[in-house]
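Undergrad: Dock chain B against chain A, hints included.
2 protein chains.
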Amino acid sequence: MARSKPKVRIVPLGGLGEIGKNMTVIEIGRDAIIIDAGIMFPANDMHGVDYIIPDFRYLLERNDLRLHGIVFTHGHEDHIGAVAHVIEAFPNLPMYATPLTAGLVEVKLRDAGLMQNAKLNVFKSGDVLKVGPFTLESFHMTHSIPDCAGFAIHTPYGLIVFTGDYKFDNTPIDGKRPDYAKLAEFSGRGVVMLMGDSTNADKPGWTPSEVVIEAGFDRVFRRATGRIFVATFASLISRVQLVANAAKQHNRKLAIAGYSMTRNVEMARKLGILDIPDDMLVDLGKISSIPPHELVIMATGSQGEPSAVMARMAYGKHRLLDVQKGDTIILSSHPIPGNEEMVSRNINRLLQRGADVIYDPLEDVHVSGHGRREEMRLMINLVRPKNVMPCHGELRHLHLHGKLAVETGVPPENVFVVENGQVVEIDKYGVRLAERVPGGYVFVDGSGVGDIGRIVIRDREILARDGFLLVAVNVSRETNQIIGQPEIISRGFVYLRDSDELLEQVKYTIEDVINNTNSSNGRRREKLQDSLSRLLYNETKRRPMVFSVLNEI
Amino acid sequence: MARSKPKVRIVPLGGLGEIGKNMTVIEIGRDAIIIDAGIMFPANDMHGVDYIIPDFRYLLERNDLRLHGIVFTHGHEDHIGAVAHVIEAFPNLPMYATPLTAGLVEVKLRDAGLMQNAKLNVFKSGDVLKVGPFTLESFHMTHSIPDCAGFAIHTPYGLIVFTGDYKFDNTPIDGKRPDYAKLAEFSGRGVVMLMGDSTNADKPGWTPSEVVIEAGFDRVFRRATGRIFVATFASLISRVQLVANAAKQHNRKLAIAGYSMTRNVEMARKLGILDIPDDMLVDLGKISSIPPHELVIMATGSQGEPSAVMARMAYGKHRLLDVQKGDTIILSSHPIPGNEEMVSRNINRLLQRGADVIYDPLEDVHVSGHGRREEMRLMINLVRPKNVMPCHGELRHLHLHGKLAVETGVPPENVFVVENGQVVEIDKYGVRLAERVPGGYVFVDGSGVGDIGRIVIRDREILARDGFLLVAVNVSRETNQIIGQPEIISRGFVYLRDSDELLEQVKYTIEDVINNTNSSNGRRREKLQDSLSRLLYNETKRRPMVFSVLNEI
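For the protein sequence lines, the chains are A and B, in the order given.
Taking my numbering, I'd label the letters of the first sequence as residues 1 to 553.
Taking my numbering, I'd label the letters of the second sequence as residues 1 to 553.
Looking at chain A on its own, in the form it has when it is part of the complex:
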């Protein structure tokens, strides 16, 4: 009797229904690999959270799984940012990445002190990877960073094609075009599932090539009479090349500001991926010796992040860089959803300090790295998948990608729009939804990973909205009456020094409740807090947290 073929399972732990923290597990029977391990930036109401990593409890709990490795599609934070967390949990796990991605992963692991025993394997896109019993055919894709790979994973039921982030850029900066031939060839061999980028599913048409920025930069460089700053993401390596090219064209030197961008540029130059001549680069500490019109400075902080170079310049807090009259500042990125406010504020501040600030749509200084609707259609028509599982994007993007797949000929019942944690199973009978596993957020705050959850965040929300008030009272054990003056501590509620009347009412309420309540300390405390909350709400229409310390002496 023939052994039955093992089940294939797709376990999405991140990236579905959100922008960021991409992580997917692919299982064949009891063998498994991970694709990507990214972070996500917190929403505005996730107070105090530094970043978010995928919840990979599922992997920790499935002791029966043989985990063979982690493969990376490309080197952006939302795909590699959580690598140190994963390697901490699975110290011997082999990693597979293209040269630039491997370089950027190495930077992360080195910072976390985990590089020494790391099993980091480098492949070239186009290579066939053997990861344990898995066979992955990698293929080159274009995006906003060089060296991107997608994977066709062999399974008993056909290929799973995992695109990674992509757009079809026919004139990429590094000249390496998308591997159409391979994608088309997969279609002939049978693709059981296409897992495709959905980020721009609400945008019609095609995303422009990176080269349109070349012309945009050229126009800005031509006009600029002083220094030029270009702000973008630290890992947008293609953009660095474009800026270097423009600098060469216009006889300007190039300086890099910002720790992560400096390290990434070093790494990419070492690997020969970035082509910047030695004599063009200048140290940030030495830029004052160069005439303004002969200088370009690339910097981080295009998202308005308070700790990055651009924001520090905007607020006059950078050690080496200040805004000078005549500076031209190019923001070569779009705000990530949720960052719009910080970005606008930064632009306004930079203008206030006398700079000229150029951003899209004022000039073509940024294009998205993700394909739009026509590119998604092209992908489906190249690959001809039996089933489609939209990946990478908010829920609305997944839905729209799903609808688009149906319009492009995929039967509705073969489209799997699911959220993180929803397992999808493939066997000889077809594809179906299986169980749900944890797929939520793990908050990283300071040195804590996952130690703050909903309760702490909810408390922070309440404190942020209305602050707190605490009263400490000494009560006589004998007479049951207050001794001395209560101590009152409050922050974030009202400015107490200007609130004499309210303070008097608070004191009166304390006396009233303590001196007139004959019950247990606990009960009395509760009653005091209730009375104070009511008083504060009536007087201010605010609901601060109220605490009391009753000290029986």
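Accuracy of the hints is not assured; some may be wrong.
Repeated chains share a single entry, so a pair holds when one copy, or any two copies, can fit it.
[Said to hold, decoys possible] Think about it this way: if two alpha-carbon atoms lie no more than 27 Å apart in a straight line, the pair counts; the simulated BS3-like pairs of lysine-lysine are:
(1) K403 to K325
(2) K270 to K119
(3) K7 to K248
(4) K527 to K124
(5) K541 to K317
(6) K428 to K527
(7) K203 to K325
(8) K7 to K203
(9) K176 to K5
(10) K428 to K286
(11) K119 to K203
(12) K124 to K176
(13) K403 to K182
(14) K507 to K270
(15) K386 to K7
(16) K270 to K124
Just so you know, these hints were derived from the structure itself, not from any lab.
TA: Same frame as chain A, now just chain B:
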């Protein structure tokens, strides 16, 4: 000897360098009027603030000014929302507004219990207003609400043309076209200053007419098989008319959800500005009797505001409305900067509940009410101002509008890009910057107006990020040693129940500091707080606020 002509002063108290809370004072000698009194929505980091009103201390402090009235350009919140605050401060101030604007102002004053003695005067755009010694020629403008007016204010040095919010809509929903003739005529009489809308100064070309939405709605209505919801701003009266028209076309009844929208629609219908037949309107409580495909529901909450109808539906918390499979929800607005995250979250939630959600750019269901760059150029060429002062917009928009004015022929030295509080003076020698007056934010939080300032907001920010920890300790007056167990209260920092080890370290630190410090209570308290802060930072890399109560007994 001829009396010398009085100075003219423009005192911007709001709307410059920000989106919202528009308020401008115009003075001729000692006589003054106010144009508009709007509110602004708080930024994401203005924790707990409900809304922001202009700081009009200047007016309260200038006892020598004769304030003659307040004139309104149109009925949006950012132009009339603070009217009750102004009338509370100046109870007898006459108000001047077009019929719809007056109706919307009346709703506000009634809610604030201030309508009884209100001196609300209604004019029609085109009328010449006499406000004390001021003469204002009003002119009709198009925007996203009917009944918009601009003003040409007579001064000894020529006209000040104040556009208000506008776009040049040649096919407005209500058929009332912009008053080009009047604008052109002003140019012949001499315009000393143009104060123009800058909102879309970073957008090339022209803003489409409101009618493009008509076609967009028609396509969506044609496809929809179930109920249709249209979410927009409560005061976007033109949009309500468009929806009513589409409803009529497609034989659907119309229900209105949301307190403020319901009141605004009532008011606009009473004034004959909204044309909705009685038998088309249904009560929200009775919609269950109407087949889904015969119903449209207009609702508030297109900005994702948690308390509005759409967000309550998205979270399954609306008393009467739930999302049903087959519902089509149109978001007929763009997110206000800073709201993008809430809006996306809402869209995703609504999709999750089974609705189809339509938003721009998926379909033409919204256009801006503000003119783009070509319209700004047209305005300048119609009016031919000697000087230009860009209004309404963030600093970047004001800058761009200023540059555009220069490109359109206004000498650079005649362009006044200023921020709130910067007084601009006009006399026979020309125009120049004068002193600065307060022009910042007044926060409204609960029932408090202006009682929370930077300090409280900064405390809320710290509490939001890392929470607080408070320890209460009894210390013996005799032995100087701790009595009993310290009490520890903490919120928003870590989840204490899961932090036994940290708690032990906190207790140890308390004992160590108290039992080994021989100094004043105040000094000891300081030392304890310092030690605890250091401990908590070392252990968690977080910086909660730390408080202590030392009780000597």
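Undergrad: Evaluate each hint against the coordinates.
TA: Going down the list of hints, with the structure as the test:
1. K403 to K325: Close across copies (16 Å), not inside one copy (51 Å); limit 27 Å.
2. K270 to K119: Classified as within; 20 Å inside a copy, 75 Å across copies.
3. K7 to K248: neither (55 Å within a copy, 55 Å between copies)
4. K527 to K124: neither (69 Å within a copy, 59 Å between copies)
5. K541 to K317: Between copies only: 23 Å across, 38 Å inside.
6. K428 to K527: The answer is neither: 65 Å in one copy and 70 Å across copies each exceed 27 Å.
7. K203 to K325: between (38 Å within a copy, 25 Å between copies)
8. K7 to K203: neither (36 Å within a copy, 53 Å between copies)
9. K176 to K5: neither (38 Å within a copy, 72 Å between copies)
10. K428 to K286: neither (65 Å within a copy, 51 Å between copies)
11. K119 to K203: Neither: 40 Å inside a copy, 50 Å across copies.
12. K124 to K176: Classified as within; 12 Å inside a copy, 65 Å across copies.
13. K403 to K182: within (25 Å within a copy, 51 Å between copies)
14. K507 to K270: Result: close neither inside a copy nor across copies, 68 Å intra and 52 Å inter.
15. K386 to K7: Answer is within: at 17 Å inside a copy they meet the 27 Å cutoff, but 77 Å across does not.
16. K270 to K124: within (16 Å within a copy, 71 Å between copies)
Of the numbered hints given earlier, the model fails hints 3, 4, 6, 8, 9, 10, 11 and 14; all others are met.
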